[in-house]
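Chemist: FYI, the numbering for the sequence shown is 97 to 323, going by our numbering.
By construction, these hints were calculated from the structure, which means they are not laboratory data.
Just to be clear, a hint being listed does not mean it is correct.
To be verified - Pairs of lysine-lysine residues, derived as DSSO-like cross-links and limited to a Cα-Cα distance of at most 27 angstroms, are as follows:
id, residue 1, residue 2
1, K155, K101
2, K105, K155
3, K105, K216
4, K287, K105
5, K218, K156
6, K109, K216
7, K109, K287
8, K101, K218
9, K109, K184
10, K101, K216
11, K109, K156
12, K105, K218
13, K156, K216
14, K101, K156
15, K218, K155
16, K105, K156
17, K156, K287
All values derive from a computational prediction rather than experimental measurement.
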Amino acid sequence: MSYLKEFTKGILKENPNLVMLLGMCPTLAVTTMAENGLGMGLATTFVLVCSNLVISLLKKIIPSQVRLPSFIVIISGFVTLVGMLLQKYIPSLYDALGLFLSLITVNCIILGRAEMFACKNKVIPSILDGLGMGIGFTLSLLTVGSFREILGSGTWFGIQLLPDFIQPMTIFILPAGGFFSLGIIIAIVGKISKQKPKDITCSSCPNRESCRFAESEPVESAAVSEK
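Using the sequences and the hints given, assemble the complete structure.
Modeler: Written out as structure tokens, the structure reads:
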């Protein structure tokens, strides 16, 4: 298993937000400012890494019958910790994120990585998977938040960028502007990460040995070529 691949896949190729289209609610709700997007992304990354770590360590102990409830309990513990830290040290960000901070517990990105990766892999790959996915999510929120704040308020992290004679387009800090901004960025990322489709055959399938249709492929291919 390539550790570098596990880390980098979530940044662009399998970006949870811009490619897999997960976690849309916080993306649209908190990205009216770049600071909010960055804060939500970092909080989610912390929960992703810590929950992946713990779930990977306990994967052989947690009964399959209570797997998902156990995952939610673990995740909610780290979400509570993040909320307490933000409320203590960055209260303005805590107030800005509001309810969406608590909703990290049921964020489909975190539950998805716990179910699809952490509970099936070792500790180090699970940590790298969570870190890569978290960074990808953070970058997407920061990009959308920056786009909306610059065009909608004329500022970036509170710094005035647009001159006074240019009127900001306030629609970008409204819900409609969020959908528009996200759509533009998803289209750009899709264009950048577009790859030529690979030929899919039985010989390249990892389940070839257990598939009852695999042996019939050469015969069918030969019949097609004769026609």
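Chemist: Now, for every hint given, state plainly whether the structure supports it.
Modeler: For each hint, the structure was consulted:
no., hint, result
1, K155 to K101, "holds (22 angstroms)"
2, K105 to K155, "holds (23 angstroms)"
3, K105 to K216, "holds (17 angstroms)"
4, K287 to K105, "holds (17 angstroms)"
5, K218 to K156, "holds (11 angstroms)"
6, K109 to K216, "holds (21 angstroms)"
7, K109 to K287, "holds (11 angstroms)"
8, K101 to K218, "holds (15 angstroms)"
9, K109 to K184, "violated (36 angstroms)"
10, K101 to K216, "holds (17 angstroms)"
11, K109 to K156, "violated (30 angstroms)"
12, K105 to K218, "holds (17 angstroms)"
13, K156 to K216, "holds (9 angstroms)"
14, K101 to K156, "holds (25 angstroms)"
15, K218 to K155, "holds (9 angstroms)"
16, K105 to K156, "holds (26 angstroms)"
17, K156 to K287, "violated (41 angstroms)"
Consistency with the previously given hints fails for numbers 9, 11 and 17, ordered from lowest to highest.
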